[in-house]
Each structure stands twice: as structure tokens, then as C-alpha cells.
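Asks: Each residue of the sequence shown is one higher than the last, beginning at 277 in this note's numbering.
Among these hints, one or two may not hold up.
Claimed, not checked - Think about it this way: if two alpha-carbon atoms lie no more than 27 Å apart in a straight line, the pair counts; the simulated DSSO-like pairs of lysine-lysine are: (1) K469 to K492; (2) K346 to K469; (3) K433 to K399; (4) K492 to K399; (5) K492 to K346; (6) K492 to K391; (7) K391 to K404; (8) K346 to K418; (9) K433 to K404; (10) K492 to K418; (11) K391 to K353; (12) K353 to K595; (13) K404 to K617; (14) K405 to K353; (15) K595 to K617; (16) K405 to K617; (17) K353 to K404; (18) K433 to K469; (19) K405 to K418.
Think of the hints as simulated: they come from the structure by calculation, not from any bench.
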Amino acid sequence: MSITLSSLILLPIWISMAQIQQGDPDEKEKTTALKDLLSRIDLDELMKKDEPPLDFPDTLEGFEYAFNEKGQLRHIKTGEPFVFNYREDLHRWNQKRYEALGERLSSLLCQIITKYVYELLEKDCNLKKISIPVDATESEPKSFIFMSEDALTNPQKLMVLIHGSGVVRAGQWARRLIINEDLDSGTQIPFIKRAMDEGYGVIVLNPNENYIEVEKPKIHVPSSSDSSDEPAEKRERKDKVSKETKKRRDFYEKYRNPQREKEMMQLYIRENGSPEEHAVYVWDHFIAQSAAENVFFVAHSYGGLAFVELMIQREADVKSKVTAVALTDSVHNVWHQEAGKTIREWMRENCCNWVSSSEPLDTSVESMLPDCPRVSAGLKTRALPVITAPAR
Numbered sequence: 277m278s279i280t281l282s283s284l285i286l287l288p289i290w291i292s293m294a295q296i297q298q299g300d301p302d303e304k305e306k307t308t309a310l311k312d313l314l315s316r317i318d319l320d321e322l323m324k325k326d327e328p329p330l331d332f333p334d335t336l337e338g339f340e341y342a343f344n345e346k347g348q349l350r351h352i353k354t355g356e357p358f359v360f361n362y363r364e365d366l367h368r369w370n371q372k373r374y375e376a377l378g379e380r381l382s383s384l385l386c387q388i389i390t391k392y393v394y395e396l397l398e399k400d401c402n403l404k405k406i407s408i409p410v411d412a413t414e415s416e417p418k419s420f421i422f423m424s425e426d427a428l429t430n431p432q433k434l435m436v437l438i439h440g441s442g443v444v445r446a447g448q449w450a451r452r453l454i455i456n457e458d459l460d461s462g463t464q465i466p467f468i469k470r471a472m473d474e475g476y477g478v479i480v481l482n483p484n485e486n487y488i489e490v491e492k493p494k495i496h497v498p499s500s501s502d503s504s505d506e507p508a509e510k511r512e513r514k515d516k517v518s519k520e521t522k523k524r525r526d527f528y529e530k531y532r533n534p535q536r537e538k539e540m541m542q543l544y545i546r547e548n549g550s551p552e553e554h555a556v557y558v559w560d561h562f563i564a565q566s567a568a569e570n571v572f573f574v575a576h577s578y579g580g581l582a583f584v585e586l587m588i589q590r591e592a593d594v595k596s597k598v599t600a601v602a603l604t605d606s607v608h609n610v611w612h613q614e615a616g617k618t619i620r621e622w623m624r625e626n627c628c629n630w631v632s633s634s635e636p637l638d639t640s641v642e643s644m645l646p647d648c649p650r651v652s653a654g655l656k657t658r659a660l661p662v663i664t665a666p667a668r
């Protein structure tokens, strides 16, 4: 078991305090003195001596990683996949490094990798980026979706893709697979290309882009002593204690979460403040307006729940346009979502949910819910969409 420098320094003080508190009450003055000593120790400096600085790059290149020609995330110099135990002797630093990459790759996967996927959607798949709400003012928060040129005009068929919850964004299925496997495994790009090759129009939803973050305005809150009749000396002493307390609290928060630098606030996007709202909005303003006689959905995980909610709110319209729905590990629940009998009957005929299972691909899997059939995805771990047969 490793003992940090800060622990060695502070341990005798803690022991002394415990012994004093168990002894003579007259020793309280010594306890106060020790507490005062602890309050003046610069824990930040002590912790810096224990571990390397928690200072991480802002780009994938800074981490010395990049995507190769096969779409795999690899180390620029060694060609190896991402390695967790970068410093075997410093577990907390390893964890923070992984969290940092994870955080960067949820922010960099919503910035760098996500930006990279967005570029592929536009350049390789020839999709258009469409801003929403469609009537948004210049100053209000906005999101976007991606569509093929013929998404609204294709008279035959339209494919709609909905990813799951979390940090993934339009064009992605799973961040983990993008990092550990490749872009084909973790993105929707193979689906989009296959669908377009077979004559489908395509719409890619972006259900997790529900708000933008802006720095929270700093509001000065006067202390309770500002308008009191207390003597100035007493007020100053109280203010000093309050500032010291805040300083320590801020320090511990910074140590616990070193990536958080500014206090942020969320501004939600009108009519797109949740995946469910987003699905309904895109249906009303795009899918319902499309010329396609047959609309097909592919929805993963929470995307399945969003589709069921869309059905509940637009049942007649969905039934009139949607031909089939492919779900993968969908987390929908027709009881909790209060889907009616007619919706459940339609789902039994028009939906199929491929779920994680050790059974061979397409083997029927028992379900507790009276909705769509469940079949094996041929995978013990999370089921994700995989193209294995020609699209309908």
C-alpha cells in the first residue's frame, strides 16, 4: 500500500488531535492550535508533491493519438491503442488521466472526434447540416441534424437514424467503440453509405444536443454582516473566516474535479430540450413533410424510447408513414410510457428489437413486455446496429 507525502505529514497531527480530544478538556486550546495549523497548511502544494500536475492536453494530438487510415484511434508514435495504465505507480493519476481523456473525448468526442465525424458526414456521406429550430433567431441556442440531398424529396424510402443517450452525438453509436475499435464500429457512417447506395434518403437525428453551456454570470451576494450593527473588527473577522472557508471548499472541489474551471449554466434549445422532444420536432418539421412513401427507423438504446414516445404523441401519422423499425438494445417500456393497445399491436407487427445475448444471431429471446419481438444480436455485450443483410 502506498503512503503519500501529504499523508505522512498530516498523520501525526491527526493522531495528536485524536489523543487530545480523548483527554483532559483543558487541552482544547491545543486542539484549536492544531486545527489552526491544519488550516494554514497548503494542501495543494503537498498534493502536487505526491503526483504529477493534473495538466492535460486540449487535443487528440496533444495526447499523441490520431485516427489511422482504417479509422482506428492509435498512438502516433507506437501505433498502439489507448493505454490506461500510463503510470503504474500512480493509480489516482491514471484514473484522472483516463477521466481526462474520457472527459476530453466526451468533450473532444463532442468536439474533436465529434467534429471529425461531422466532417465525414458532410464530406464522405454528402449530408447537409440543417440548423434547428428552423425559425431560430440569431441569438437563441441552436442544434442541428444531418440530411441527404433527397431526404425530403425521395418518393420511395427514407432511413432515419437515432443514437442512444450519453455523450454520443449525430453520426455516432458508441464512443467506446470509436476509441477502442474503429469508426466503422462506433459510427453510423456504414449505415448511411449503405442506405444511400440502395436508394434511401437519410436523416440523422441529434437527440443529445439539448442545450448549450455558457459561463454563469457572477452575482455578488452581500454578507449578512454588511448591514449589521456589529463592530467593524468583528465583521472583518467573520468575513475572513468566510473567505477562508470558501477557499478551502473551492480547493477541494478543484482537487476532486480538476477539469472544472468555470461555473457554467445550461441554456436549453427550444422544442429540443430532451431526446423525446427532439424526435417529435424532427418528425413534425422534416420526416412528416418528406415525400417518402416508406420510412424506416434504426434506433439504438434510448433512441428506441424516443421512438415509442414519438408514436404515443403522433400515432396516426407514424402508422401512415413508417414501414419498419429496427431497434438495438432499446430501453423503451410500453408500460411506463403508457403506450396504448393499438401502439403495442403495431409494434408487434412492424418493430424488432435486437438485444445482447449469447444465442446465435436472430434467435428469438423471451420478453416480459407485450410489444415487439426480441431477437439475439449474437453478442453477449451491448447490441449495436451492424449491417449484415441488404436493406429493405
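Asks: Would the hint linking K405 and K418 be met if the CA-CA limit is 27 Å?
Replies: 12 Å, holds
Asks: Does the structure keep K492 and K399 at a Cα separation of 27 Å or less?
Replies: 36 Å, violated
Asks: Assess, step by step, whether the Cα of K433 is no farther than 27 Å from the Cα of K399, and give holds or violated.
Replies: 23 Å, holds
Asks: Starting from K391, check that the Cα of K353 is at most 27 Å away, please.
Replies: 23 Å, holds
Asks: Given the hinted pair K433 and K404, is their Cα-Cα distance within 27 Å?
Replies: 18 Å, holds
Asks: Can the restraint linking K353 and K404 be considered satisfied, given a maximum Cα separation of 27 Å?
Replies: Outside the cut-off at roughly 35 Å; violated.
Asks: Run the distance test for K492 versus K418: straight-line Cα separation, threshold 27 Å.
Replies: 19 Å, holds
Asks: Sort out whether K617 lies within 27 Å of K595, counting only the CA atoms.
Replies: 14 Å, holds
Asks: Below or equal to 27 Å on CA atoms is what counts here, so check K346 against K469.
Replies: 16 Å, holds
Asks: Assess, step by step, whether the Cα of K405 is no farther than 27 Å from the Cα of K617, and give holds or violated.
Replies: With a Cα-Cα distance of about 37 Å, the restraint between K405 and K617 is violated, given a limit of 27 Å.
Asks: Taken at face value, is the distance from the CA of K346 to the CA of K492 at most 27 Å?
Replies: Not satisfied, since the Cα-Cα distance of roughly 41 Å exceeds 27 Å.
Asks: Holds or violated: K469 and K492, Cα atoms, limit 27 Å.
Replies: 42 Å, violated
Checked against the numbered hints given earlier, the structure breaks hints 1, 4, 5, 8, 12, 13, 14, 16 and 17 and satisfies all the rest.
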